[in-house]
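We have chain A; now place chain B onto it with these hints.
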Amino acid sequence: MLTAEERQEIEAELAHYPTREAVCIDAMKIVQRHRGWVSDESIRDIAELLEMSAADLDGVATFYNLIFRKPVGRHVIMVCNSVSCWIMGYERIREHLTARLGIEFGETSPDGRFTLLPIVCLGACDHAPAMLVDNELHVDLDPERIDRVLEECK
Amino acid sequence: MTVAAEKPLTAAIRSDGEVLGLREYEQTGGYQALKKALGEMTPQSVQEEVKKSGLRGRGGAGFPTGMKWSFVPVGPDAPRPRYVIANADEMEPGTFKDRYLMEGNPHQLIEGLILAGYAIQADVAFIFIRGEYKLAQERLAKAIAEAYAAGHLGKNILRSAFSLEMILHVSAGRYMCGEETGLLNALEGKRANPRSKPPFPPVAGVWGKPTIINNVETLVNVPHIIAKGFAWYQGLSRSRDPGTKIYGASGKVKRPGLWELPMGTPLGEILEEHAGGMRDGLKFRGVLPGGASTDFLVQEHLGVPMDFLEVQKAGSRLGTGTMIVLDDHTCPVGMVSNLIQFFAQESCGWCTPCWSGLNWAKQILAAMEEGRGKSGDLEKLQFQTKFLAPGNTFCALAPGAAEPLQSALKYFRDDFERHIREQRCPWRA
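For the protein sequence lines, the chains are A and B, in the order given.
Take 46 as the starting number for the first sequence in my numbering and just add one per residue.
Take 10 as the starting number for the second sequence in my numbering and just add one per residue.
So here's chain A without its partners, still in its complex pose (with noise of 0.2 Å):
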């Protein structure tokens, strides 16, 4: 079931647009916020609430990257593995990360901290190699900075 704070927060966005599906989206971005992915329970709520089928609700929440269908770590790790950063070093980048992780892209490491995936040009080309950090922007990226980094996520 979703949550009333959910719920409000998905109601408010209905204002702005004319149609409930345009919402969808939204909504899934808003259940992920609270609870960190949208499982198939929820994909049946949000579709009830915005008078959706449940199977073109899930064909949209699969065509979105950032739409996480299964759970993810506590923080979510995303390398560029675009033409600028893949010139500048992802190689090494994605070497240091999958062996100080211990997991390789699409997975979650067995303590639950850490989900690696690796995603297209972050628009950070005049610092590549990039990634994200729980959406933050990290830039100029070798194993000294990786490092640091990582140390910051409890």
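Worth flagging that the hints you see were computed from the coordinates, not collected in a lab.
Model, not experiment: these values are computed from the prediction.
Note that the Cβ used here is the ideal one computed from N, Cα and C, for glycine as well.
Check the hints yourself; a few may be wrong.
Subject to a maximum C-alpha distance of 27 Å in a straight line, what follows is the list of computed BS3-like cross-link-like pairs (lysine-lysine) [unchecked claim]:
(1) B/K16 - B/K60
(2) B/K292 - B/K419
(3) A/K115 - B/K143
(4) B/K261 - B/K292
(5) B/K16 - B/K44
(6) A/K199 - B/K143
(7) B/K199 - A/K115
(8) A/K115 - A/K199
(9) B/K395 - B/K383
Sample of chain A residues at the chain B side, in silico, Cβ under 10 Å [as the list claims (entries may be wrong)]:
(10) T107
(11) N126
(12) S127
Coordinates of chain B only, in the frame set by chain A:
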């Protein structure tokens, strides 16, 4: 150039990374164009001024902005509401100019968007921004609130008859959302597949209503054109395409970055004088002049003025004007493999040449990089560039993907052949 060139779009942006608030923007002449337009100009004359300025879209396609606006049906029977959208879904690999413009001076975009809205008599404006641009979102949200409080948005703007609501719409990922009709579907809460054209968005866009979609850099030009006039705007340029352009460079140059320069500044001048040339010990091999979906240019093209026509004559596209530089210590096959991997991943799956062709090309290139290239691979890749060409798909993703591939096959053919012959990537130890 001996005279310091004007930089209307970026001169006010602070070098310490702090944002310009409403008052600071107004101190640099901000919202004067809006006052002028609402006080002295009809929507038609705003359109005319932009049309005469010759401003062309800065998102990649280069369509004339004033002409796009003129396709919106007008008159008492014309459909309403009308929508105007800033495309802030910057996701073209190697492109980082719109983020800089939004983070540094969000009010400049808001004013440009209000003026575009006035020109087509829109009712609602959206800023469609990618989910990853958190700082730009925060700064835009604050700036929109300031603009409402100052009477620049909402009902009867500056006590005129014109009203406009503005909504910041934060997206949830995928390159396809930057494609005009994919963006419309995303805004409606659907998968961002492209739509069949015609009808074009100015006639039937979001929720079937007339909709204008302009890139961020395009829109930030508009206040300056309205404030200072089309003749001044044309004088900023070094070529037949008017205005300034935000050029950028990434890759192994000495000083990667962004520079607002007169439109038509030569490629080599940008790379040498502004980007500082190649890093020590490295040689220039080629460049994607305007993001991932443009054809490589090489040494012989360094004199090409970076404007729409001249880059096209050289066999590529101005695109976003942000260049990705290939050096001689980086494998061109690996670079193309990375690009095609991106396009294959971001294909929405709507059109067969795109999802099938790009995945095929991706597999061939990855195998080549891993030392499993086969004779006949280059012919297969060459075939794919025809299969992905314009006219075979609903949108420009596949044709855009074909551009770096086809030009790499032309300029770096020896490197591809060497991968197959030696059964390895010569750049990997």
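- Message: Hinted pair, alpha-carbon criterion (27 Å max): B/K16, B/K60. Please report holds or violated.
- Response: Roughly 21 Å separates the two Cα atoms, so the pair holds.
- Does A/K115 pair with B/K143 here, judged by a C-alpha cut-off of 27 Å? Holds, because 23 Å separates the two Cα atoms, which is no more than 27 Å.
- Message: Hint A/N126 vs chain B: min CB-CB distance below 10 Å?
- Response: holds, 8 Å
- Message: Hint check: B/K395 vs B/K383, CA-CA at most 27 Å. Holds or violated?
- Response: At roughly 20 Å apart (the allowed maximum being 27 Å), B/K383 and B/K395 satisfy the hint.
- Take a quick look at whether A/K115 and A/K199 sit within 27 Å of each other, Cα to Cα. holds, 21 Å
- Task: Take a quick look at whether B/K261 and B/K292 sit within 27 Å of each other, Cα to Cα.
- Result: The hint holds at about 10 Å.
- When the least beta-carbon distance from A/T107 to chain B is tested against 10 Å, hint result: holds, 9 Å
- Interface hint for A/S127, Cβ within 10 Å of any Cβ on chain B: holds, 4 Å
- Message: Check the hint pairing B/K199 with A/K115 against an upper bound of 27 Å on the C-alpha distance.
- Response: holds, 21 Å
- Sort out whether B/K143 lies within 27 Å of A/K199, counting only the CA atoms. With Cα atoms ~21 Å apart, A/K199 and B/K143 stay inside 27 Å; holds.
- Query: If you draw a straight line from the CA of B/K16 to the CA of B/K44, is it 27 Å or shorter?
  - Reply: holds, 22 Å
- Item | 27 Å limit on alpha-carbon distance, applied to hinted pair B/K292 and B/K419 | OK: B/K292 and B/K419 at ~19 Å, within 27 Å.
Hint violations for this structure: none, all hints satisfied.
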